[in-house]
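Given chain A, put chain B in place with the hints provided.
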Amino acid sequence: MSKQEEYHYTLSLENFDVSLLPQDARTLGTPAFREAAGRFLQGHFEGFGGRATIAVSSKQIEVHWTPSSEKASPLAGAVSMLEKGEYAAAVMTLRFLLSVQPDDVEVLYNLGMALSDTGQLDEAVSWLRRAVELAPTFVEARIALGMAFQRQGKNAEALDAFKEAVEQRPDYVSAQRNYGACLLKMGHTQEAVEHLRKATELDSNDQRAWFGLAQACEEAEDWKGADEAYKRVIALDEFNDIAETARQARSRLAQGSFRQSGTAGVRMDAVMYCLGALQRFGQMTPDEVKKIAYEIAMLGRTGLAVNDPAPKYRLKSMEGEFSGLHLACFMYVGFKQLMPDADMGFDLAKEYVAAKVMHEAKGKK
Amino acid sequence: MELRETTRLIISQVEKVTGIPVHVAEERSLKTLAVVRMAREGAPAHVIAFNPTANMAPDYHISCECGFMLRLYACPLEARRKFVATPQGRREVETMLKGPNSVVVKMRLPASMQNQLRDQLFDGLMLQLRSMAIGMRVDRWLRRDYPDLNTLQEASARKQMQDNSQALGPEVQQMAPEKIYRANVAMNGAFASFWSGILGDGRFVAPYKATKHWSLSARLLEIESQIPDNPTEDFRLVDEWARECGLTGWYAWEPYE
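Top to bottom, those sequences are chains A and B. The opening position of the first sequence corresponds to residue 1 in the numbering used here, with each subsequent residue numbered one higher. The opening position of the second sequence corresponds to residue 1 in the numbering used here, with each subsequent residue numbered one higher.
Worth flagging that the hints you see were computed from the coordinates, not collected in a lab. Predicted, not measured: the structure shown is a model, and the values here were computed from it. One or more hints might be untrue.
Stated by the list, open to error - Computed footprint of chain B on chain A; a stretch qualifies when at least three of its residues, placed anywhere within it, have a C-beta under 8 Å from a C-beta of chain B:
hint, segment
1, 33-44
2, 75-87
3, 339-348
All residues carry an ideal CB built from backbone N, CA and C; glycine is no exception.
Isolated chain A (complex conformation) (with noise of 0.2 Å):
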């Protein structure tokens, strides 16, 4: 490759995309959009070696690079432009460098993969097959392929490939994990488990494994472990999609465990919770409900603990400790009230509307 040299050029501002900026910072000339698109199009310069100088004027912006010592590779560019998410250029890239180094298992590697996120499977399968005869113990490409081969559909394939992962490399987190999912997928439930337990243990904060493990142990009806195992999940990162499934599961755990313990399909200590909140609420505005039901919502991202009868909750907007349930049918009472057509996630509905005759009932005396 040849030496880089100093690159120049001058972008007129009528040509910059605002949208790419934050909202407040669109405003072509104001100081705030100098700033922010000084930051953007240094961040382009970023991992490629080398400095880039800057300057945002009223009518254009002059940007100077200036060389580093290091030399940036052609993979390493490919593999930034995966990292973006620039899969066509990625791709071209790719292909190019596959045809003067049909031998590299790292460019087969890339594009296969590349191609598999993309949907491209048949010629993922094929690259990724073609690095792995080349470098039997690249654990990272074996993966890729059970990937691809999951994607098509062709688990028995795949469960073949994560095993050869796993066997080579025991203390690959993302072998165990690839490995116990599928044998999940195919009915294997307590080897999954021990194979995704296996995973949480070699790293403890990989949601994807404690995700693995909690559906896992639900298969295997160990309720307690998966509710464990779901409770961890969303301690990881409570804000990601994985997290709300996780949220959702556990709920519908609770609601399993919770209407097992009833007589006749009616909880009648949740009726009495749910006679109490219409009476409370009865009292209070919209607006001050509104306030309880959403605080106990947030309290609630985490799983409110039904099943448990110990009064532990507290609520600013409420004085008193509650239980788990007592908290979740003032939620449900609240949400009626506020929206009716709502999803709780908590099926209290035989018990509200048995509150709701009783309370009614007793208007009427």
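Below, chain B without anything else, positioned relative to chain A:
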């Protein structure tokens, strides 16, 4: 000027495939680095002219022109096409140049200069459309099969990207109608992205990613990656790029005789 062995080898491939000799000639008045004039209507030889004042060995550019010829001749005779700019395209450019707030109106350019500017913009854009996408494929082929040209090829690409980036400044933007400017910058962006990937050097594509035209560049790259690298598909590749850039009808494909 003494050509490299590789260049001579590529020229001999052209002679073999086309059955017509290739004559290489210096031409100091050339506006581009090299140009090919293919033998037609009984001409005795293909002529590849190159500009010796370009301060760079001509081997890469000559080989590149040969690459275009070899791709054309790889198509069956009945499928070979010649790219011809149409009067319709030229008229459209003229109309744009005479529109309100155009540079022609603002600067009160005389008719002769108006025509000069029109031809410069239109011919430049048509050359870019005809050669840039197919050129990427020629470049891949040269890089794969003739690595001893790599250094010249990279130097040429870097120079071209440096030159292309001048179009991003306010002066050029004020001069060119929006449609032409957009197509030009988008194709330059696609080219920069292509080479940034090969060179592992993201500097050249960075400015394009900041422009309003980057999404079009990305679309052009996507098209290039989706259409098989087969010479018979080259016409479709150009047509698809033209469609995305709004340049359909500005050129036509005529049978190559």
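So which hints don't hold here, by number, going up? As far as the earlier hints go, only 3 is violated by this structure.
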